[in-house]
Amino acid sequence: MNSKPILADLTALAAVVAHRSFRKAADELGLSPSTLSHMIGALERRMGARLLHRTTRSVAPTEAGATLAARLAPLLRDLDEALAEVEDWGGRPSGTLRINASEIVARLLLRSAVPVFLQRYPEMALDLVTEGRLVDIVAEGFDAGIRLGESVPQDMIAVRFGGDARFVTVAAPTYLARHGTPRTPDDLMRHVCIRLRLPSGKLFRWEFARHGQEQTVDVPGALTLDHMELMTEAAAAGMGIAYVADRSARPHVDRGALAIVLDDWCPWIPGLALYYPGHRHVPPGLKAFVAVLREVG
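The numbering of the sequence shown is full-length UniProt numbering, which starts it at 1 and goes up by one.
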């Protein structure tokens, strides 16, 4: 090794390895891809070793690059946390807050916490990423995530908001007039149901509970969708019975486009929670967002 590498070059390597892309890493670092490529080249010369396999279509770490990136990850994270702790003394929160949530939750936040947060803290930027799949927020670089409280990993700190939640079975009055109203979950096997395909590819099984009795039904149906809002709209159009979040169905129920069936089989469960790692420094922006969430939620 000819000379010690500089921090900027090490950070560049970590970003490229994490994204497996010069373009995405450059976007994260606020650099041009060509500048980032020159930094990696300089690092390889200083280290005296090839760190990345590069082609016109892909980039991947060599064994040496992967080893170095793995050792760098906790060091760079500790450095970021140390700098963040110092910034806590600097006054108002600033920077970017990255939160992972479902699209339904994002819609809820856009109607409540987000406008208050951005108006109150103009130096902050909010990166709200919506995905159907559950992600590892630490591994994928998020400050926090949002999911149902019962699904939050035990090693996370959870902040409940929005009250309890439930999933409901709904259908259009026109559908019920033609096909009748199911009285038990077993009756669904004789109905047309709108099914949900999970990001994993599996079909979601409908879960019911009443008086301590739990029942799971793998419903039949000709229509399968991968988005709960689309399921709600399909049900409102009379295409069958759907099993969706109460928040998604409520506007349609309130205006009479949908009716809730099997109501007593759809119990309330712990609602939404924002969660974040308990062993890491909590950045000022996240503290501020939590405060707003508690205020409006």
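Treat the hints with care, as some may be off.
Pairs of lysine to aspartate or glutamate, EDC-like flavour, derived with a Cα cap of 16 Å [stated by the list, open to error]:
#	residue 1	residue 2
1	LYS4	GLU44
2	LYS287	GLU123
3	LYS202	ASP226
4	LYS24	GLU123
5	LYS202	ASP218
Since the hints were derived computationally from the structure, they do not count as laboratory data.
Proposed proximity, GLU123 with LYS24 (alpha carbon, max 16 Å): violated, 24 Å
16 Å Cα cutoff - pair LYS202, ASP226: Judged against 16 Å, a Cα distance of about 10 Å means the pair holds.
Given pair status - ASP218, LYS202, alpha carbons within 16 Å: Holds: LYS202 and ASP218 sit about 11 Å apart, inside 16 Å.
Restraint check for LYS287 with GLU123, where alpha carbons must lie at most 16 Å apart: holds, 14 Å
Holds or violated: LYS4 to GLU44, with C-alpha atoms at most 16 Å apart: holds, 11 Å
The structure does not agree with numbered hint 4 stated previously, though it agrees with all others.
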